[in-house]
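Sequence lines, in order, name chains B and X. In terms of our numbering, the first sequence has 810 at position 358, counting the first letter as 1, and numbering is strictly consecutive. In terms of our numbering, the second sequence has 330 at position 134, counting the first letter as 1, and numbering is strictly consecutive.
Hints in this document: simulated from the structure, not taken from any laboratory. A hint or two may mislead.
[Stated by the list, open to error] So the derived list for chain B, only partly shown, Cβ under 10 Å to chain X, looks like this:
| # | residue |
| --- | --- |
| 1 | VAL462 |
| 2 | ILE464 |
| 3 | TYR466 |
| 4 | ARG952 |
| 5 | SER962 |
| 6 | TYR964 |
| 7 | HIS965 |
| 8 | GLU973 |
| 9 | GLU989 |
For clarity, every value in this text was computed on a predicted model and none was experimentally measured. Quick reminder that beta carbons are idealized off the backbone N, C-alpha and C, glycines included.
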Amino acid sequence: MNRKLIFTGVSIIYIILLIYGLTTVYSVGNPVLPKKVEGLKPENKISIAHTEIFGKLERPQVIFNHKKHEESLKKDNEGCNTCHPVNKEDVILFDFPKKDTKKDKTSVMNAYHDECMDCHKKKARENKKTGPVVCADCHGKELSSVKIQYPVFEFNFEYHEKHVKKLKEKIGKDDCGQCHHSYDINEEDESLALVYEKGTEESCYYCHEFGKKRGPELTAITKVAEKKGLTIRKASHQQCLNCHLKYQQEYLKKGEKDACPTECVKCHTGKYKTVAELEKVPRPDRDQKDKPFINIENSKMKGVTFDHKSHETYSKTCRSCHHETLNACNTCHNLTGKPEGNGINVANAYHHMFSEHSCSGCHNKKKEEKKCAGCHHTIPAMDVETMNPKKESCAACHSGKKDQLAMPKPLSTAGLDQQKVKKVVEIKVLEKEFEPSKFPHRDIIDKLVKVSNDSKMATYFHRNIQTLCDGCHHRSISEAEAQKDTPPNCKNCHMTSYDRQNLNKTRLLSAYHRQCLGCHEKMELEKGRKCTECHKEKKGRPTEITQMKNQNVVKQNTETIINVWRPE
Amino acid sequence: MDRRNFLKIIGSGVAGAATGNLLRPGRASASEGRSAKELYGILVDTTRCIGCRRCEKACAEVNGLSVPDISESKNESVLKNMRKTSDTEYTIINSYKTDKGTIFVPKRCMHCNQPGCAAACLVKAMKKRPTGQVTWDSNCIGCRLCMISCPFDIPKFEYSKAMPRIQKCNLCYDRYNKGELPGCVEVCPTQALMFGSRRQILEEGKRRIAVNPDKYVDHIYGEYEVGGTSHLYLSSVPFEQIGFRKDLGTRPYPEYSTGFLYAVPFIFVLWPIAMLGINRATKGNGKGKEEHHG
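One chain only, chain B, in its complex shape:
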């Protein structure tokens, strides 16, 4: 009996193990795909989810039709303050719910439910058309997989100009204090700290955008704004909408329907002006110099005369260069770096390659444009870390001459020696298969000269026609070539065959293809992208392009197969 028990026990355990093993082998779970979220058109609707408080939602979000509510309230002669709180100075704060509640799950939920449903019930009692009071009517199941996101509104200089003009009509004088203010951090009475001083106007983003690294003084101010919850979103709604509401009726009487919009989609259009479109718009005057002379005390380099006036129109905002405050660069960046400037010294502040705010960084970005990228994609970027940069390159900016910004003469091909600069170069690397390629050397030079002369920046920096040669004849060392007047041939560096010691070294065949095609691709040229445009088919073209065959293996294998299958 004992033996039987052991036998049964062992075999049952064994079978369980076997089943367990098989299930683990064959039950590899499929990954669960996340639900696809569909983007809805905003249409003045607002998604109420507050995932920052609720985390994962128990019930689907609520899509709130703001315009519908606005219109129905207007019928009852009720305004924004029915739902939104008003502060002591009669400024509507566009918060919801009206009551100030704790920011935890239950209180926020209750506040919303009270506010919404109380009003709905009230209207129902008054026998008016009203909204739902049952859960699923607001928290619709179909709403869990939709998303509403408004595109950010961009207050560009065109809008700015418009507002300045209109306000001047209204008030009769230049009063930038209507919108612009600064915060006096040393003022003890908080109600007096918000001041306006002419000449200190700045962008809203400087104080109302948190989470960015800033200097000690600004950090203190942003902290105050953060404490008050005045994010850029809230601050601008408060500032813009209160003023718009004030003047809207006035314009409506005049018949100007689109003036002073308060509807969501009127501002959040998702359409943005390009830099070129804003070029003609005058930039605000804040007593900035047209051509300041930037000279850092004790620095090794000569001073730079900077054309501030023209650069103003090259970007959409002042913030693209004046990233933290609207001050001169040397307020925060000095020769050795100080805490206000995040420790970044002045050399890097102007020359950092990857910064969006530095001269070199922005110029480098410009060089990625299709007209420039043809040559510049192969040329390593110039920054402070570049070893032995050409003297002329530095001197282009560091002239040391105050208030002088002479544009150099446009490049001209007139001085080129017809003998040395060939009109057409024949390339015969693939001669076996194709007719020699005819490379229109002179035409390309002419084209590049034209491209360079068309751009103001290129004209300023390409002072010598040899600069353009470097685009293709790269890695040439000007000092070494001073004695000779021809740039090096491709063949001088690139070998015709593979370098067996270094297979990564570019051989002549690929040097040509990559140089020519790379440039055509970067410049987005239609021409020269097809093989036959450069390589004309040759009559009696040999079919073979390789030297050695692999047929040994194939042959041997076939033989053995035959031996195996036909043993006679």
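Let chain B serve as the given structure and place chain X on it in line with the hints.
Using the frame of chain B, we list chain X on its own:
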């Protein structure tokens, strides 16, 4: 120290100096310095490929297959369709329309570090060579298990032949043994293909990504996929967009089955014993009942 020992030391010193001069430090050489301890492969830079199909032609030539027409007009029509490798085309180029323009992707055997095909082969016709190539051999019986086991859909069956076998790229094993580069690498006009030891090409791939962080996505396809492959790919767009599977994981394919396969003998041996056990247990019970009744 005697004279004999002294000469030995001096001699080895001289020899060492001589060889040291030959084996210059620095760049690892390709053909001269080929080492049997390294896996060789190809780094494919899809940003460089121009879709000329010369590699296809070279591949057909070196492997004695029918040579495709790679004239401009033909290329256009061929590249319109998504193709797969076949028993007569070991390498093919596909074109993908992505947000960074048309990208050409040469596709051939990935030469996995731990190939599923070699593990699946019943007769060991598919082999992973110590130098990285996954080659096929003449003793193929045409069971097509390798086709099922390949995550990249590479081995192809000669359906049209009377005595069909499996065919696929073997990284030009013949040419490799003679110190030559694979056919496709030799003819590539833009050096989109770089042959070298896996260590070298991986290093080069990482260098290219580091130098051009804007140009490439920070991933080398084949570095970790299915336990690493000898064929590595660089791309300027996420790899899903150019027809690569991202769901393969980093576990080598043979490993999925080894656990199970090791269990097979265990089951075979213990199954009869278990059955016997059950038999003994149930039989015993029956006897007892019979006795009880009787």
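Outcome of the hint check:
no. : hint   : result
1   : VAL462 : 6 Å, holds
2   : ILE464 : 9 Å, holds
3   : TYR466 : 5 Å, holds
4   : ARG952 : 5 Å, holds
5   : SER962 : 4 Å, holds
6   : TYR964 : 8 Å, holds
7   : HIS965 : 5 Å, holds
8   : GLU973 : 8 Å, holds
9   : GLU989 : 7 Å, holds
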